[in-house]
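Peer 1: The primary structure of each chain is shown beneath.
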Amino acid sequence: MNEDYSIILEDVTFTYEGSKKPTIKNVNLKIKRGEIVSILGKTGAGKSTLIYIIGGIIPNYIHGDLSGDVIIEGLNTREYSLYEIAQHVGVVMDDPEAHIVSSTVWEDVAFGPCNLGLPRDEVYERMMFALEATRLTELKERNPYNLSGGEKQSLAIAGILAMRPKILALDEPTSMLDPLGRRRVYEVLKDLNRKFGITIILSGHDIEVIVGLADRIVVMNEGELILDGPLSKVLQETESLKKAGVRLPEVTRLMALLKEKGVWKGSLPMTLEEAYNYLAKVFTRKKVLFKPYQPEKEKLVKPTATEPIIKIRRLRHTYPNGVEALKGIDLDIYPGEYVAFIGQNGSGKTTLARHIAGLLKPTNKEAEILVASLDIRKARMREIVRKVGYVFQIPEHQIFHSITREEIEFGLKNLEFPKNEIDRKVNEILKMLGLEEFKEEWPLSLDRGKRFRIALGSILAIDPEVIIVDEPTTGQDWRESLYICKILKKLNQRGKTVVIITHEMDLVAAFATRVIVLCKGRILLDGTPREVFSKPEILEKTWVQPPQITRLSQKLSKLCAIPTMLTVDEMYDYLVENLKEVEMTWF
Amino acid sequence: MVLIEYEAKDTIIHRLNPVSKIVWLGGLGLLLAMYLEPQPLIIVFAWEVFIGCLAGISWRKLLSRAWWAFVASIFGGIIVMFWVVNPEQFWRVPRDLACKTLIQLTPPGTPILGHTAITYGGLIWFTAGVLRITIAIIAACIFTFSVPLSDLTSLWSMFLPYKLSFILTSGLRFYPVMAEKTQDIITAAKSRGWDITSKNPVKRVKAIYPIIFPIVREAADLANRMALAAEMRAFGVKRPTRMTTLKFTPSDIFFIMFNVFITGTLVYLWWFCGLGKL
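Residue numbers (the working numbering), protein chains in the order written: chain A, 1 to 587; chain B, 1001 to 1278.
Derived from the structure by calculation, the hints contain no laboratory data.
Please note that a few of the clues may not be correct.
Claimed, not checked - Take a look, some chain B residues computed to stay more than 12 Å from chain A by CB distance:
1. Arg-1092
2. Ile-1212
3. Val-1260
As the list claims (entries may be wrong) - For lysine to aspartate or glutamate, the following EDC-like pairs were computed, each having C-alpha atoms within a straight-line distance of at most 20 Å:
4. B:Lys-1181 - A:Asp-94
5. B:Lys-1061 - A:Glu-324
6. B:Lys-1181 - A:Asp-423
7. B:Lys-1181 - A:Asp-470
8. A:Lys-413 - B:Asp-1195
Built from N, CA and C at the ideal position, the CB exists for glycine as well.
One chain only, chain A, in its complex shape (with noise of 0.2 Å):
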């Protein structure tokens, strides 16, 4: 029965104007009322338009060729205004600043009911109840710029709700986030979902951050569905997964491995509890002895050099607002070592690297910043830049030319070095980071991938001796993020040193040799990952969670003596080195 679903689309394919490939492809879909469904899939599948497609954005703002028929609410969207749809469905973008029309919480939130004209005591009522329902009611006198990152994705979300919509469609909300806003976030969401009803479709990259909050998922790739259903059915489909670009929870990736070895018969888990109780029956019932385990990793991480390539010594620096951000930081950077930065948003992490790059300056006047034996305090920026690299969050804020090969020069060209010595060097860049193809396009054309690897390679070019990325995941789907650390490691092979700020924790085990966490501006632990790892009562402190995988075995270390694993691979070889004496068909 149609009167069933909340969102109905037949047949839907778009192609933006002046584009030739159409972007969604014969979209069939249904959506019940009350439902959260997740939509995912990699960079560019087609997530974003099709949010934009059941917020009525599309046709009405964006427009395009569209086919077939999308209902909301029983409203063809092709039929009704844009304001009249947003009394149905409202769209959440993933940047929450682009939803700031005031310049409190509560003129922000009652926005919308105020544009529809409704009597004064009905928009309060409505701002209220938005208020509420996203836990901002204390907030409500704040300007909203001064909200983190989370409180404005839910003011965005307040906005949105006091427009009493019955679908809420969110367009990768959590891209920005960190853990913390990540999950307050969702916890909204769950609410509105559970206490009104109202139905949710978010768009993301991976699952695991969806599980326990999607009842339904779909996969999307190059524009068409090829995975719908359940999250424990849709999980089951590691291909297919795979080939979209979709990141499987770890603990569902190290079963998933077992499987295909034939070591595990059962389903695939979905969350760490699932994986535990397989494993913790395996190993109480077959009595599994495990071996001592050194893993070699930790073998190649003890500095060679004497001295270091970076010196940071009483550093401070309090912001124009008062806000002391770095509150006293002594700290040494070894060459050839990969260095991740981790703590919550706010604890000091970009100010810090910022001031190894010269970009900012302390504020105490006794700290000292050495980088390759450069006084940082004052050398002139374009001595700073030949021997540290910086990679903004945002490429877009990075790119200033209209074509790939230009922008890779612009930093060479600023130098001042010689032409044949700038055709080799962007040459050597576009080779490297896979952009040969795109060198003479347009870098605003392509995705957000490769927008980051360009930014990337316009720093590269300039060949530092030491690399420093922030936040080398925001807005990437996994395999992009993975390439991107990949080449890093590459380069830290080559003796380069590699500092990245993130909140991806499986990336730091995986690719870091060491991990320094900041919380409040002062550095809380400094080990290799799997010491810093090993201490989750002390992260905790800053909103960290180690991997889910390094989780697992912690947990599963109370039941029997494996040790701290920091990657699904890790893990997956020592279970079946132990394991291969044990019977191979565990159930």
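Following the hints, put chain B in place on chain A, whose structure we already have.
Peer 2: Same frame as chain A, now just chain B:
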């Protein structure tokens, strides 16, 4: 241009009707246009600082945001000061004293520059000029700090169509966001060896070119997204509900009357006693 954004506070100044604050700004503007002597300007400055304190403004934040405006006013004031050498520029201050040369820069008849020097009158002129600009900047900051954009929209919509008044307030809101994004873009360019330290003006202009492109793109993108966000929330569909009504309270009446009194007194003293004239 907003140097300090609105901050919701429950101070006496925040609670005032924006019209009262506009009356204060108007009076201040009149006095700044009339007064050329530093001493009475110090009284105006003290009154303004008092209002700023009542509003709970962060002077540290103000200084950090507006330092460049103060520096520019000092720089501009110094330049203008060099040409204050003509006795006819003074009415009240004894002309001999005002034009007494302390340091001669270029003698009379110098081509292009003419006569330039540092005089007593020039120093007075300079001090008053810097004070006037400082007072104007601080007043603008107190105003934007204590008046929410919605009140401004309501105020403007008394005289302008709602859509236009919303666009005006959005423009004000746009500034701090774009200022932050511009700073990010400049920092990103610096990290690739970009700078504008060249003394050659042609090179300086050419150096600015690459950063203009992303700034314009960011501005267009932000404007487009804001427009979409507003449209999704039914902007312009109907005459909007006003959640706040601008009311006049006894405090407003007192504030306006007090300001009218101070402004009136100072205008009277200027007109009849020559106070503030050089």
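Peer 1: Take the hints in turn and mark each one as holding or not.
Peer 2: Evaluation of the provided hints:
At the 12 Å boundary, the C-beta of B:Arg-1092 stays outside the reach of chain A, the nearest C-beta of that chain being 41 Å off. Some Cβ of chain A comes within 12 Å of the Cβ of B:Ile-1212; the nearest lies about 9 Å off, and the non-interface call is violated. For B:Val-1260, the condition that its CB be more than 12 Å from all CB atoms of chain A holds, with the nearest at approximately 29 Å. Using a Cα cut-off of 20 Å, the hinted pair B:Lys-1181 and A:Asp-94 holds, with the two alpha carbons roughly 17 Å apart.
With a C-alpha separation of about 14 Å, the suggested pairing of B:Lys-1061 with A:Glu-324 holds against the 20 Å cut-off. Proximity of B:Lys-1181 to A:Asp-423 is assessed by CA-CA distance (about 31 Å); at most 20 Å being required, the pair is judged violated. Distance check on the hinted pair: B:Lys-1181 and A:Asp-470 sit about 16 Å apart at the alpha-carbon level, within 20 Å; holds. Restraint check for A:Lys-413 and B:Asp-1195: satisfied, since their Cα atoms lie roughly 12 Å apart, inside the 20 Å limit.
In this structure, the hints that do not hold are numbers 2 and 6, in rising order.
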